[in-house]
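Colleague: The lines below spell out each chain.
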Amino acid sequence: MAHAIKFHPGMSLLEQHAEGTLSADIALAVAAHIDLCPHCQQLSRDITTDLACQLAQQPVKTNNTDWQQMLNDIMAQPQLPKQATTMQQQVSAQQAEPIIVNQREFILPRSLQRLAANRCKWLQLGGIATAKLPAGNDYHISLLYIDKNTEVPQHTHLGLEMTLVLAGKIVDENGEYSAGDLLINSPDDTHTPRTMADEDCLCLSVLSAPLKFKKGLTRLLNPLQQFFY
Amino acid sequence: MLKLAKVARHDRGSPPKQDTQASMSRPEITNNNWDEALTFVALQRDRSAYAELFNYFAPRLKAFGMKMFGNEQQALEMVQDTMLNVWKKAVLFDASRGCASTWIFTIARNVRFDMLRKKQSRKDDVSADDLWLNGEYPEQEADTDTSQWDTQLLMDKLAPYFTSLPPAQREIIEKVYLQEKSHQEVSDELAIPLGTVKSRIRLALDRLREALDGARN
Ligand SMILES: [Zn+2]
Numbered sequence: 129m130a131h132a133i134k135f136h137p138g139m140s141l142l143e144q145h146a147e148g149t150l151s152a153d154i155a156l157a158v159a160a161h162i163d164l165c166p167h168c169q170q171l172s173r174d175i176t177t178d179l180a181c182q183l184a185q186q187p188v189k190t191n192n193t194d195w196q197q198m199l200n201d202i203m204a205q206p207q208l209p210k211q212a213t214t215m216q217q218q219v220s221a222q223q224a225e226p227i228i229v230n231q232r233e234f235i236l237p238r239s240l241q242r243l244a245a246n247r248c249k250w251l252q253l254g255g256i257a258t259a260k261l262p263a264g265n266d267y268h269i270s271l272l273y274i275d276k277n278t279e280v281p282q283h284t285h286l287g288l289e290m291t292l293v294l295a296g297k298i299v300d301e302n303g304e305y306s307a308g309d310l311l312i313n314s315p316d317d318t319h320t321p322r323t324m325a326d327e328d329c330l331c332l333s334v335l336s337a338p339l340k341f342k343k344g345l346t347r348l349l350n351p352l353q354q355f356f357y
Numbered sequence: 005m006l007k008l009a010k011v012a013r014h015d016r017g018s019p020p021k022q023d024t025q026a027s028m029s030r031p032e033i034t035n036n037n038w039d040e041a042l043t044f045v046a047l048q049r050d051r052s053a054y055a056e057l058f059n060y061f062a063p064r065l066k067a068f069g070m071k072m073f074g075n076e077q078q079a080l081e082m083v084q085d086t087m088l089n090v091w092k093k094a095v096l097f098d099a100s101r102g103c104a105s106t107w108i109f110t111i112a113r114n115v116r117f118d119m120l121r122k123k124q125s126r127k128d129d130v131s132a133d134d135l136w137l138n139g140e141y142p143e144q145e146a147d148t149d150t151s152q153w154d155t156q157l158l159m160d161k162l163a164p165y166f167t168s169l170p171p172a173q174r175e176i177i178e179k180v181y182l183q184e185k186s187h188q189e190v191s192d193e194l195a196i197p198l199g200t201v202k203s204r205i206r207l208a209l210d211r212l213r214e215a216l217d218g219a220r221n
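Heads up: the sequence lines are chains B and F, in that order.
With my numbering as the guide, the letters of the first sequence map in order to residues 129 to 357.
With my numbering as the guide, the letters of the second sequence map in order to residues 5 to 221.
Bound-form chain B, shown alone:
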């Protein structure tokens, strides 16, 4: 990648992602950032190695689970043929289909490709288009396309807002964000993002539903964790 990514998820978000304890919608944004960010790819590998080692090293008490029965059941099942290795390589080599919006083609990060492939119904309003992804439980997750020279109207959602720039560039009062940058805005932040005159922008946007503002979120917004920004 030509430029360096400046805004990364904090260490504790990366840890929760590797552990699998984030809610699916937030995990998806973190996963898409990791797809775009070699630095966080390395960190995630390290965190996973660390967690796995902790799992393997923990002392356990013997208990009365009937492991022998489970073991026999498992070994009665067939194993994959040895050719499975090459099949897996072929699958991962498949080229992704671009998505098209405003007559522009974009290749999404790997983690978003499957979900976006089935349904990318764009709703357009002026220079802005959105397509909801079928992922949200607690959050609303969508692709957001902003044409050149367009301002996003100041929004008044009540919860957390995560924006991952997928392509192009966007600026707001605090700075300039390009592909891979992950912005997290708490409810108190008001900002007015806009695109430059010569460059459009594709983002992934995660918004919390106002009524579902709860536990996981307050943890994310903890003042100790301001390094998310």
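These aren't lab readings, by the way, just hints derived from the structure by calculation.
All values derive from a computational prediction rather than experimental measurement.
Don't take each hint at face value.
Taking lysine-lysine and the BS3-like style, the derived pairs with C-alpha atoms no more than 30 Å apart in a straight line are [what the hints assert, rightly or not]:
#, chain 1, residue 1, chain 2, residue 2
1, F, LYS161, B, LYS134
2, F, LYS122, F, LYS93
3, B, LYS189, F, LYS161
4, B, LYS189, F, LYS71
5, B, LYS189, F, LYS66
Once you have looked at the hints, place chain F with the ligand on chain B.
Modeller: What follows is chain F with the ligand alone, placed relative to chain B:
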């Protein structure tokens, strides 16, 4: 567990050498040498190697499942599904990409995630395969971030932050930077893979940098 024989430790990444004899009799599994055991399951369909893996990991996965689900039935369902995947997909394990415990952990994590999603029974939903790449990202240029540090100079500044590190990372960083032990010495001393030592050092340095900057980058 079987008595340990003199065989290379699993963090060296070398496949078992007794290939010609292996189909007849497998060398005994060394202490925590799960990479080798898993390779035997993959190449020889070795049932006793699998049984050893199972006996070691199943109770630990159960403990992990209890922590995550809070009930025994789901924890055991996760163990069964995870260890079935280990049995079935052993041929897909590639020791050069990481150790067996990491592979098994990621399978368990994914199984657990998909179990939770299935409970909410939504089709067309986020799955573990979306969230975690099955395999490796293409090789990037080495992340020079941490190596650029003049570590000796910075350690004085950083030492006060050591206490804020998770215990496992703190232990290693103290051994390496305060007691000046080599990565291999630490690996031997704590009986953990060399790769884990390196991972924990990188994580600790990143955390220390966060603490020092007050923010990442
Ligand atoms: Zn990153």
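Colleague: Run every hint past the structure and note whether it holds.
Modeller: Verification of the supplied hints:
{"no.": "1", "hint": "F:LYS161 - B:LYS134", "verdict": "24 Å, holds"}
{"no.": "2", "hint": "F:LYS122 - F:LYS93", "verdict": "22 Å, holds"}
{"no.": "3", "hint": "B:LYS189 - F:LYS161", "verdict": "42 Å, violated"}
{"no.": "4", "hint": "B:LYS189 - F:LYS71", "verdict": "15 Å, holds"}
{"no.": "5", "hint": "B:LYS189 - F:LYS66", "verdict": "11 Å, holds"}
Hint check: a violation occurs at hint 3 only; the rest are consistent with the structure.
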